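Novice: Each chain is listed here by its residues.
There are 2 protein chains.
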Amino acid sequence: MAERIELDAWKAAAPDTEKAEVVGRLIKQFGLSTFTDSERKRFDHQLFRRGIVIAHRDFKLIEERIRQGKPFIQMTGIACSGPMHIGHKVDIDLFLFFKSLGARCYYCAADIDGYVARPDEKVPSLERAKEIAVDNVADALALGISEKDIYMQSRKEQRYYEFAFELAKKFTFSTLYAIYGDDYNPGKHSANMLQYSDILHQQLKEFNGPMPSLTGIGVDQDPHARAVRDIAAKLPHGFVPPSFIYFSFQPGLQLGNKMSSSEPSTTILFTDTPDQVRKKIKDAYSGGRDTLAEHRKLGGIPETDKAFQILRYHHPDDKFVSDTYAKFKSGEMASGELKEIVIDFTNDMLKKHQERRKRKAKAAEKIVLG
Amino acid sequence: MAERIELDAWKAAAPDTEKAEVVGRLIKQFGLSTFTDSERKRFDHQLFRRGIVIAHRDFKLIEERIRQGKPFIQMTGIACSGPMHIGHKVDIDLFLFFKSLGARCYYCAADIDGYVARPDEKVPSLERAKEIAVDNVADALALGISEKDIYMQSRKEQRYYEFAFELAKKFTFSTLYAIYGDDYNPGKHSANMLQYSDILHQQLKEFNGPMPSLTGIGVDQDPHARAVRDIAAKLPHGFVPPSFIYFSFQPGLQLGNKMSSSEPSTTILFTDTPDQVRKKIKDAYSGGRDTLAEHRKLGGIPETDKAFQILRYHHPDDKFVSDTYAKFKSGEMASGELKEIVIDFTNDMLKKHQERRKRKAKAAEKIVLG
Numbered sequence: 002m003a004e005r006i007e008l009d010a011w012k013a014a015a016p017d018t019e020k021a022e023v024v025g026r027l028i029k030q031f032g033l034s035t036f037t038d039s040e041r042k043r044f045d046h047q048l049f050r051r052g053i054v055i056a057h058r059d060f061k062l063i064e065e066r067i068r069q070g071k072p073f074i075q076m077t078g079i080a081c082s083g084p085m086h087i088g089h090k091v092d093i094d095l096f097l098f099f100k101s102l103g104a105r106c107y108y109c110a111a112d113i114d115g116y117v118a119r120p121d122e123k124v125p126s127l128e129r130a131k132e133i134a135v136d137n138v139a140d141a142l143a144l145g146i147s148e149k150d151i152y153m154q155s156r157k158e159q160r161y162y163e164f165a166f167e168l169a170k171k172f173t174f175s176t177l178y179a180i181y182g183d184d185y186n187p188g189k190h191s192a193n194m195l196q197y198s199d200i201l202h203q204q205l206k207e208f209n210g211p212m213p214s215l216t217g218i219g220v221d222q223d224p225h226a227r228a229v230r231d232i233a234a235k236l237p238h239g240f241v242p243p244s245f246i247y248f249s250f251q252p253g254l255q256l257g258n259k260m261s262s263s264e265p266s267t268t269i270l271f272t273d274t275p276d277q278v279r280k281k282i283k284d285a286y287s288g289g290r291d292t293l294a295e296h297r298k299l300g301g302i303p304e305t306d307k308a309f310q311i312l313r314y315h316h317p318d319d320k321f322v323s324d325t326y327a328k329f330k331s332g333e334m335a336s337g338e339l340k341e342i343v344i345d346f347t348n349d350m351l352k353k354h355q356e357r358r359k360r361k362a363k364a365a366e367k368i369v370l371g
Numbered sequence: 002m003a004e005r006i007e008l009d010a011w012k013a014a015a016p017d018t019e020k021a022e023v024v025g026r027l028i029k030q031f032g033l034s035t036f037t038d039s040e041r042k043r044f045d046h047q048l049f050r051r052g053i054v055i056a057h058r059d060f061k062l063i064e065e066r067i068r069q070g071k072p073f074i075q076m077t078g079i080a081c082s083g084p085m086h087i088g089h090k091v092d093i094d095l096f097l098f099f100k101s102l103g104a105r106c107y108y109c110a111a112d113i114d115g116y117v118a119r120p121d122e123k124v125p126s127l128e129r130a131k132e133i134a135v136d137n138v139a140d141a142l143a144l145g146i147s148e149k150d151i152y153m154q155s156r157k158e159q160r161y162y163e164f165a166f167e168l169a170k171k172f173t174f175s176t177l178y179a180i181y182g183d184d185y186n187p188g189k190h191s192a193n194m195l196q197y198s199d200i201l202h203q204q205l206k207e208f209n210g211p212m213p214s215l216t217g218i219g220v221d222q223d224p225h226a227r228a229v230r231d232i233a234a235k236l237p238h239g240f241v242p243p244s245f246i247y248f249s250f251q252p253g254l255q256l257g258n259k260m261s262s263s264e265p266s267t268t269i270l271f272t273d274t275p276d277q278v279r280k281k282i283k284d285a286y287s288g289g290r291d292t293l294a295e296h297r298k299l300g301g302i303p304e305t306d307k308a309f310q311i312l313r314y315h316h317p318d319d320k321f322v323s324d325t326y327a328k329f330k331s332g333e334m335a336s337g338e339l340k341e342i343v344i345d346f347t348n349d350m351l352k353k354h355q356e357r358r359k360r361k362a363k364a365a366e367k368i369v370l371g
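For the record, the sequence lines run as chains A and B. Residues 2 to 371 (our numbering) make up the first sequence, in order. Residues 2 to 371 (our numbering) make up the second sequence, in order.
Here chain A stands alone, though its shape is the one from the complex (with noise of 0.2 Å):
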C-alpha cells in the first residue's frame, strides 16, 4: 500500500499538488475521480485544459444537468480571515464558467466562519472579520461575480441557521477526526457547521429544493467533502450528494507552499503595488539553472518554476503560455527574462483589477453591511 499522505484542511501547508505522483495518490487514497481526456475537451476552460482542474466527485450529475440544459446548484465562498491573493481567482475564474454553463451561483463571504475558524491573534473580533470582508467583496465584485450572487454569512434567513443547527445533530466524533486528528477544537467544529449549511442549504425546500450542487474545492479540503456528504445523505430532506471538484492550488512563490494571505512574502496579493510584485517576483523560488551557460545548456525546469506557474494559472493565451514552456525549457529564455515578462503581465493583471475594484466599493460595503 501507498504511503498514507496526511492532510491538514486548515493549514496552508498543502501536499504538493504540482506534482503528479501526489496527485495520483491523493486521488487513489481519497477514490476521486478523474477527468477522461474527452471531458476535458468538452468543458473547454484553460483551468482544465492545462490541468489545475485535477479530479472530482459525482461530477456526472453536474454534466447530466448541463447537458440537459436544467439548473444546478454552484455554492463557493471565501472565509474573511485576510486579503485576497490571485490564488483565490482561480476559484472564481471555475465559478463563472460554471455559471455561463447554466449554474444558479452563490457565493458567500464568510465573516463568522472567518472570525471562528481563526485564532485571535488573526482575527480578533467580529468587527474586524466584517472589515476583511468588505475588501473580499470588493475583490470578488471585481473579479466578476454578480452583487446577487453573493452572501453575507452573517446576513441570511432564520431558516440557514437553523439548519446549521440541524445539520450538527448528524456529526459523529469519526468525522471530525477524520477531518481534524488531534487538531479539533469546538470552535472549528462550529465553523463547520455554517460551511456545510451553505454547501447544502440551497437544496432545503425552502431554498432550490433537491437539485446537484457544485463546489470547487482544493484537494486538501476532501475530507470536508466526505463530511458534508456523510450528513447529507443522514439527514431527512432528499438531498442529492453534493459534487465536487478539485483543482489544484495556486503554489506560493517559494518552495513548499501554496499561495496563502498569511505569507504575503510568497503570496501576490491584490492590493500589491508593482514595486512589491516586482520584489516578490525577482525573489521568487527559479525553475533557471546556476549560471547562465549552464541554462542555455540544460534549458529551465518550468514545472518548479514559480513565476512560471503565475502564467500557467492566469495567462489566457493558451498559445503564449505553451510557447514560453517550451523556450524556457529549451534554455532558449533565460529566468531573468522569463520573470520580466511575468512581473508585466501580472502588474497589467493588478492595475486592471484595482480599477475594477475601486468602482465596487461601494457595493461591497452594502453587500457586507447592509
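Think of the hints as simulated: they come from the structure by calculation, not from any bench. Careful: at least some of the hints might be erroneous.
The list treats identical chains as one, so a pair stands whether inside a single copy or across any two.
[As the list claims (entries may be wrong)] In silico lysine-lysine, DSBU-like type, Cα no more than 35 Å apart, as pairs:
#1 K123 / K206
#2 K361 / K320
#3 K149 / K206
#4 K363 / K171
#5 K189 / K235
#6 K189 / K171
It should be emphasised that the depicted structure is a prediction, and the values quoted were computed from it without experimental measurement.
Model the placement of chain B on the given structure of chain A, informed by the hints.
Specialist: Relative to the frame of chain A, chain B by itself:
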C-alpha cells in the same frame, strides 16, 4: 474531603436535592452561595419560604437592581422535546415572581435545542420539535407568561445566531469535559451554543446592553452556569456575569428521579386526565407506615412522601401545607387520606390549567409558526 457528587446535566437522574445533606455537599463542591434568612424573608415567595430555592451565584447583583428600582434581565425557557409537567411550573412561578419585581423577561421556546440535543428516537425531526413547541407554549401561556415575553429559538434576529457562533470560539475542551465527561457529543455542543446565546445575547448592545441577568436552574445544571459565566468573561462585550438561582427539582412520584416527561408514570403531565392523576398518585411512593396501626403510632414521613411534595411545591396556602405536614407526621392523617387531598388539589389545578390552555391554543400556534 467529601465524596465528590458526579452530575450529569442532561439526565433525569439528578442528585436527590430533597436531602439537606446532598444539597449541602453540592453547594460546597461548586462554591454556590446560600440565601440568608433575612433574604428569604425579603423575597417573600412560597418557593423561598419553603426552601425550594436553595442556592445562587451572584444574586446580590439582582438584589441591588431590585433595591434601586432598576431593570434587570431574566431569561428562562423550555427545550421542546416533550410535554410539560407540573415540575416546570416551579420554574415559571419563580420567573413570574421576578417579573413582578421589575425583570425584563425572556422565555425561550427552544425548538432547535429540543431537536438537536435529544436522540432521534425521542425527537425525530425539527417539525416534531415545533409541534411539541406549540403545546409547550400553550402551557407556558396558561401558566401566566405573557405572549410578548416568549420567543422561538428558530425565529430570532440574525445577530442572535451570529452570536451563538461567536461565543463558540471561546469553548474549550476542558469546559465541555466539565459538563459532559465522556458523554460529550458534537450535537450537544451545538445545543450549548444556542443555550448560552439565549442567556447572554440580551446583554449585547443590539439588545439591552450589559446588565445583570438572572436565570433559575436546577442545581444539577450548574456545570452549564459555570461554562456560560466563563465564556461571558472571555467575550469582548463587557457582559455582567449572569446570575443564577438554583431550585431543587420536584421529585418524581417514585423513588429516585426528578419529574420528567420521559417517565410519565412518575410525573404529572399538564394534559393528564383526572383518572390518570388518581392512578399516578395512588401508586406514588408513600411516607406512610406499613400498617395503619403503625402509622398512628410512629407517624408518617412527609419528607419522603411524593404526594405531599406536590402540596409543598404547588399549594398556595402555607398554613394548609404546614398543617397537613404536621397531621401526617404525627400519624393523625393516614396515607390514603393525604393522597385523596393531593388528588383533589392536583385535579383542580389541572382542570383550571387545561381551560386556560384551551383559550391560549391559537396564540401559541401563532408564536411558534408565525
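Novice: Against each hint, give a clear statement of whether it holds in the structure.
Specialist: Quick rundown of the hints versus the structure:
1. For the homomeric pair K123 and K206, the shortest alpha-carbon distance between copies (24 Å) is at most 35 Å, but the shortest distance inside one copy (37 Å) is not.
2. For a Cα distance limit of 35 Å, the shortest separation of K361 from K320 inside one copy, 32 Å, qualifies, whereas the shortest one across copies, 75 Å, does not.
3. When the C-alpha separation of K149 and K206 is checked against a cutoff of 35 Å, the pair qualifies both within a copy, at 20 Å, and between copies, at 30 Å.
4. Taking the shortest alpha-carbon separations for K363 and K171, only the inter-copy value of 33 Å comes in at or below 35 Å, while the best intra-copy value is 40 Å.
5. In the homo-oligomer, the alpha carbons of K189 and K235 lie at most 35 Å apart both inside one protomer (21 Å) and across protomers (17 Å), since each shortest distance falls under that limit.
6. In this assembly of identical chains, the alpha carbons of K189 and K171 lie at most 35 Å apart whether taken from the same copy (16 Å) or from different copies (11 Å).
Going through the hint list in order, the structure satisfies each hint without exception.
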